[in-house]
Amino acid sequence: MSSLTLRGDCGVGPDKGMLQEACHLLGNCTLFGSLSADERAAVVALARIRTFNAGETVFGIGSPGDQMMALLGGTIRISVPSSQGKELLLAMIQPGEVFGELAVLDGKERSADAVAETACLVAILDRRDILSFFERTPSAWPNLVKVLCQRLRRTDQVFAEVALLALPVRLAKTMLRAADWETYPAPAESSKIQFSQRELANMVGSSRESVNKCLRNWQRTGLVRILEGSIVITDRRALENIADAA
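Its first residue numbered 5, the sequence shown is counted upward by one per residue in this note's numbering.
If you're looking for bench data, these hints aren't it; they were derived computationally from the structure. No false leads were slipped in.
Cut-off 27 Å, straight-line C-alpha distance, at most; resulting in silico cross-link-like pairs (DSSO-like, lysine-lysine):
1. Lys90 <-> Lys196
2. Lys150 <-> Lys112
3. Lys112 <-> Lys90
4. Lys217 <-> Lys196
5. Lys90 <-> Lys217
These numbers were taken from a predicted model, which means no experiment stands behind them.
Generate the whole structure from the sequences, applying the supplied hints.
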């Protein structure tokens with residue numbers, strides 16, 4: 005993991021090209037895109053940039069929540085682990101999204117794990133700096149509330165699916181979401197999901213054996229193709245029909 009600062013002039017230094025791109029991406033991310041050019045520049049001046057390797061922990065559950073982050077490149081996996089070694093996948097953060105935003109409001113411990121699914125470029129904003137910015141720029145608060153509401157709805161949806169839906173339905177929904185993450189920003193008719201059957205089982209709150217049985221049935225009817233460590237969706241429309249059967 006390496007770190008760069010954006011404080012001051014974003015175009016200075018040997019990493020000028022990367023810093024300029026980081027400035028652009030941060031200024032136009034979900035939370036700050038509606039601000040004026042001067043307001044976005046003020047946010048950018050507060051940020052530090054870090055790179056994370058695939059598989060590297062960005063933050064862990066229970067760690068201090070004193071920073072908010074914006075993803076500039078790559079994919080971040082947000083999940084809640086269990087004592088049995090399983091995890092409930094809450095979200096896959098894509099470029100332009102913020103995460104760890106609850107820390108802006110309460111500064112308490114992290115409520116989930118954040119792990120780099122791929123190599124990532126992340127802008128880090130300290131809680132003290134970002135709160136000071138919001139105090140000076142009240143027009144930014146509605147976007148923060150919108151982001152929080154979207155995250156809450158997404159989390160509620162995941163827990164509701166695990167609690168209420170039959171395995172084929174929640175597996176289909178999870179696979180479609182994973183396929184959209186893999187082909188971001190545009191969904192594809194045929195796409196490969198880079199998760200093992202055990203990982204998929206953890207995501208849907210089931211056993212690997214049950215997930216394997218479901219996938220084998222779908223493979224026989226041409227919906228998917230099972231590979232080593234990944235699944236290929238070959239009939240997205242049929243999988244969408246199963247997901248909509250709830």
